[in-house]
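**Q** Going down the list, the protein sequences come from chains A and B.
In my numbering, each residue's number is its place in the first sequence (first place is 1) plus 12.
In my numbering, each residue's number is its place in the second sequence (first place is 1) plus 1295.
Note that these hints are calculated values from the structure, not bench results.
The beta-carbon is built from N, C-alpha and C at its ideal position, and this holds for glycine as well.
A portion of the hints provided could be inaccurate.
[Claimed, not checked] Every beta carbon over 10 Å from chain B, so not counted as near; a handful from chain A, in silico:
1) His26
2) Pro35
3) Gly52
4) Lys68
5) Val74
6) Val81
7) Thr87
8) Ile88
9) Gly100
10) Met131
11) Ile149
12) Arg164
13) Ala170
14) Ile172
15) Arg177
[Unchecked claim] Here are the simulated SDA-like pairs of lysine to any residue, each with C-alpha atoms no more than 20 Å apart in a straight line:
16) B:Lys1988 x A:Ala56
17) B:Lys1936 x A:Gln148
18) B:Lys2008 x B:Val1796
19) B:Lys1518 x A:Asn42
Take a look at the letters that make up each chain.
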Amino acid sequence: MAAEFTLTVNGVKHVVSAAPGTPLLFVLRNELKLTGPRLGCGLAQCGACSVLVDGKEVRACVAPVSAAVGKRVTTIEGLPDVWAAQRGLRAGEVALHPVQQAWIDEQVPQCGYCQSGMMIAAVQLLAKIPNPTVAQIKDAFTNTPPSPHLCRCGTYAAIIDAVQRAARMMTA
Amino acid sequence: MTTPGLTRRGFVKVGGALFVSLGIPSGFSASAAEIRTSLDPALLASWLEIRSDSTILMRTGRTETGTGMSGFYAQMIAEELCVRPEAIALILGDTDKTPDGGYSAGFLTGAENVRKVAAYTYQALLGLAAARLGVSVSDLAVSDGVVSGGGKSVSYGSLVRGQQLDLKIPVSGKAARVDASGSIVGLDGFTVTGEPPMKPMSQYKVIGTSYPMPGTPSKVTGKMQWSCDVALPGMLHARMVRPATLGSTLISVGELDKKRFPGAEVVKKGNLVAVVSPDEWEAVGAARMVAPGTKWTSWSGLPGSENLTKFLREYKWDAPASRGNEADVTAALASAPKTVSASYEQPYIRHAPIGPYVAVADVRSDGAVTVWTHSSNSQGLRAQVANTLSVPVEKVVIRWLEHAGQYGRATFGGDGAEGDAVILSQLTGKPVRVQWTLEEDMAWSSVSPGWVADMKAGLDASGRVTAVHSASYSPHMFDARLLGAILAGMPCSTSKPGGWVATVWPYDKIQNRLEQAYGMANIGAESATGGLRGNIMRTPGQRGQNFALEALMNEAAAAAGADPIQFRIDHTTDQRLIDVLNATAKAAGWEARPSPRLLKQTGTGPMTGRGVGIIVRSNGYWAGIAEVAVTPGTGAVQVTKFTIGLECGKIINPRQLDRCMKSGLVMGLSEALKEEVTFGAGKVTSTDWSRYKILTMEETPEIKVVQISRDDKGFGTGGEAANAVGPPAVAAAFFDATGVQPRRIPLTPAYVTTLLKG
C-alpha cells in the first residue's frame, strides 16, 4: 500500500516510500532522519513540528507527505543553506542562519523542545517583515493560523529579543 | 546523556546488552566484555576523569531540566579546579556511567556534590604537582589547568598521564530502591560529605559570569539527540489504547484488520493494551482502528471538576500535618480587635510539556534491561523498573537524554512511558519505543492537585498581624507510579498520602502561627488506575500554600489601610527579604499607598492596578510586582507589566538567571490567568491545547528583572520559584484595580465576570 514520493528537503532530492496520508513529520524524522522538527500535539495546535514548504510555515504533524511533493521543504537543519542562498553563497558555506545565531546569542532555549518550530516561524516572519516591532512579533507567533506557537518553559521574552537581533543581523 | 551525542555507530553490542562505548572510567576497564551497571560513588574515578589534554569529564546522575543545570555545574567544577568552563564535559543521568543518582530538581545538592568532588580533586592535584615540581603546595599557583611553582609548570594532563588518582570520595546515602513495603527510598541519591577547602567567593573568576549554556548550539541546529530520537535496530513503535475511563477494566480488544495493517500486532497484559509495528505511522493507524472497538467497563467515581471545592469541603479529613502553636494562635485570634478571614482555592493543574512522554526499552531474555528516557531521576526510575519487572536493580540500565521539560513530574523517576515500554519489550522480545499522544498525556499523566485553604489573621489596634492560622486541604502529590505497571497489574511503588506543610515562613514578626495541611489519597484512588494521580509540580506544595498566605497578607494590608509592600516589611526582620522588596519596588516605580486604588474608575475602559507577592524558597528571596488591566465587560485580565526581583546568594550566571526568571514567571502567569484541568465523572476532559489553555506570547507582559547577588549567603536556587511569585502578585493587582478580592485562580473571563457582578 505504500507509494513512492519524490521530495526536495533542504535542497536534496529524496525518493521515499510511505503510506499515503503519512504526515510529513513521520517521513522527515523516521525516513530522512531529520530530527529537528518534533512531535508535539499532533493536532496542529502547538507548532513544535513546523517546517517551511516553499517558504511558508506548515505543521508537519498533520500535513500529508503528498502535499510536499514538488515543493521545497526546509527544516532547521537546512536553514544555514537558505541563508547562504540569500547571500549568493554556496550550500555549506555558512554554518548558521542568523535566526539560529540569534537564538544562541540570546540564549533562547530552556528545554528547547518547541524551538525548532519557533525558529521556522521567525524565518517566515522576517521574510515578510524585515524589522518587526514587538507587537508584530507577538501577533505573528500568536495569531498566525492554525494556532499560537506554544512554549511551556515560557521563553517568549527571549524569542522576542532573538527575532529582533536576527532582524538586525539580516538587514545589516 | 553523553556530550558527544548518541549515534547508532556509538552502540556496541556486547554480551547481550547495549552500551555506549564512551566514558567508561579507567578504573573499570578490566574487561571490555564486562557490563558495568553502576559505579562506586566512593571512588574518584567514578566521578571525574582528567584527560591528557587537561580537559575534564565529570559524571553525575543529575540531569538537565532546561534551566541550565549543565552550565551551572560546569561553572562550579571549573571554578574549584581553576580551569575554563569550556574544559568541562559532563555525562548526565546514565545509571551505568554516573555514581550519585538523586533528584534533578535538587540543584543545590547536586551542585554541592560536583563542587566538592572538584575541590577534593584539586587538593590531590596540588599534592601531585608539589611532588613533581619539588616545591611546597603553598608555593603553587594554578591557572587554566596549569600548575606553576619554583619557576616550573606542569599541566593537569601531564600530571595525571599514566597514573590514576587513587582518591576516595567520602559519601553518604544509598542508591534508590523500592523497599519491602513498596516505598521508593533513596531518591536523594548519594551525598558527597566532608569539608574540602573551597575557593573563596571573592576569588571567583567563572561563577558570576554569563557562561553560555553548553547545549544551546545543538538545540538550535537540530544536532541534539533527544530521547524521542532513539532508534534501535529491530525496534517496534507502540501506540497505547487507554481505558475508557480512569476506572475502566478491559472487556475485549477491538479487531485489527491485518490486510490494512499487515505489520501491526495487538499486545496486551491486564488493562495495558497497545498496538506495535515496525512502522510508526502504521502503529498510529492500527491503534486508531483498534481503539473504538475495544470494550471497557464503565466507571464514574470522580466528583467532576465543577464540584471539586464541594468535594474537598465534604471530605472527612484525617488529622493534618501541623506546624506552629495551636493554643497561642487560638488565644491571639480570640483577643485580636480585628480579624481577617478568607478561603482560597485552585483547581487541578498540570505540567503539560510540549513534548508528550516517550521512552524506548530493550528487555532481554536474560533479564538485562536498558531504558532510554528523559526521566528526572534515573536511579529512581531504575528502582521502579526493577521492581515492576522483579529483577535486581543491577540488571537495569537507564540512559538519559534531553527532552521536553518535566517541571517536576518525573522527580521521583516515575509517571512516564517507561512502564509501558519495558512491559511491551518484555512481551514482544524486541526493543519497543512508546510515544504517548498529547491527548493521552493530558488524560493519563499525573497532575498537580487542586486545593482549598482557610486563612485567618488577627490584627492589633495598630494594624499589625499578631496571629495567622492557615489550613489547606488537598489530595497528595507523591504518586510516583508508572502507569504501565498499574495497568498491567505488575508491582508498583507506593507512597503514603498525607498533608505537607510546605511554606517557608517569611514573616518572623508574626510570632503566633499555626499552619495545617490536610492530605488525602488521590481522588478516585480506588479505581483500577489509581484515579487522578497527584504529583509534585514546580515549587510543589509551597506554590499553593504561599499563594494563600500572600493573599491573606494582601487582605490584611487592605484591612489595615497599609501599603502592601510596607506592610510586608513591617512583618519581617529578614533584611534579605526587605532588600529584595525595596529593590523590586524601586525598579517598578512603586508608589506607596494602600490597595485598592481610590480613584473612581469610570466608563467601560480597562481598570488598572498593581500588586505585590513574595516567596522565600531554597535560599532565594523573590518579590514580584504585577500591573494589570481588567476589562469589566469581557472579564479579560491582561498583565501589562511585571517586575520580578530575586536575591539568591551568589548568582552563578546572570544571563541564564535572567532567562529563567522571565520564563518561569510566564509559567506562573499562565497559572494565574488560564490553567485548569477539567474532568467529568470518569475521565479528564481538558486533553488538548484548546481545552487546557496556557499563556501565549501575545499575553506575555513586558518583564523587568532585578537581580541581587551577594557573597556571604552561599548559593540559592534561582530558577524554580519564579512561577510561584506571579499568581499572588496578579491577584493583588486585580484587587487593586477592582476593589474585589479574587479568592480563586485562574482569573478566567468567566470567573472575573461573575466576581465583578458581585
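**Q** Taking the hints in turn, state whether each one holds.
**A** Against the structure, the hints:
| no. | hint | result |
| --- | --- | --- |
| 1 | His26 | holds (17 Å) |
| 2 | Pro35 | violated (7 Å) |
| 3 | Gly52 | violated (5 Å) |
| 4 | Lys68 | holds (20 Å) |
| 5 | Val74 | holds (12 Å) |
| 6 | Val81 | holds (17 Å) |
| 7 | Thr87 | violated (7 Å) |
| 8 | Ile88 | violated (5 Å) |
| 9 | Gly100 | holds (22 Å) |
| 10 | Met131 | violated (7 Å) |
| 11 | Ile149 | violated (7 Å) |
| 12 | Arg164 | violated (5 Å) |
| 13 | Ala170 | violated (6 Å) |
| 14 | Ile172 | violated (7 Å) |
| 15 | Arg177 | holds (13 Å) |
| 16 | B:Lys1988 x A:Ala56 | holds (15 Å) |
| 17 | B:Lys1936 x A:Gln148 | holds (18 Å) |
| 18 | B:Lys2008 x B:Val1796 | violated (25 Å) |
| 19 | B:Lys1518 x A:Asn42 | holds (15 Å) |
Hint compliance for this structure: hints 2, 3, 7, 8, 10, 11, 12, 13, 14 and 18 are not met, and every other hint is.
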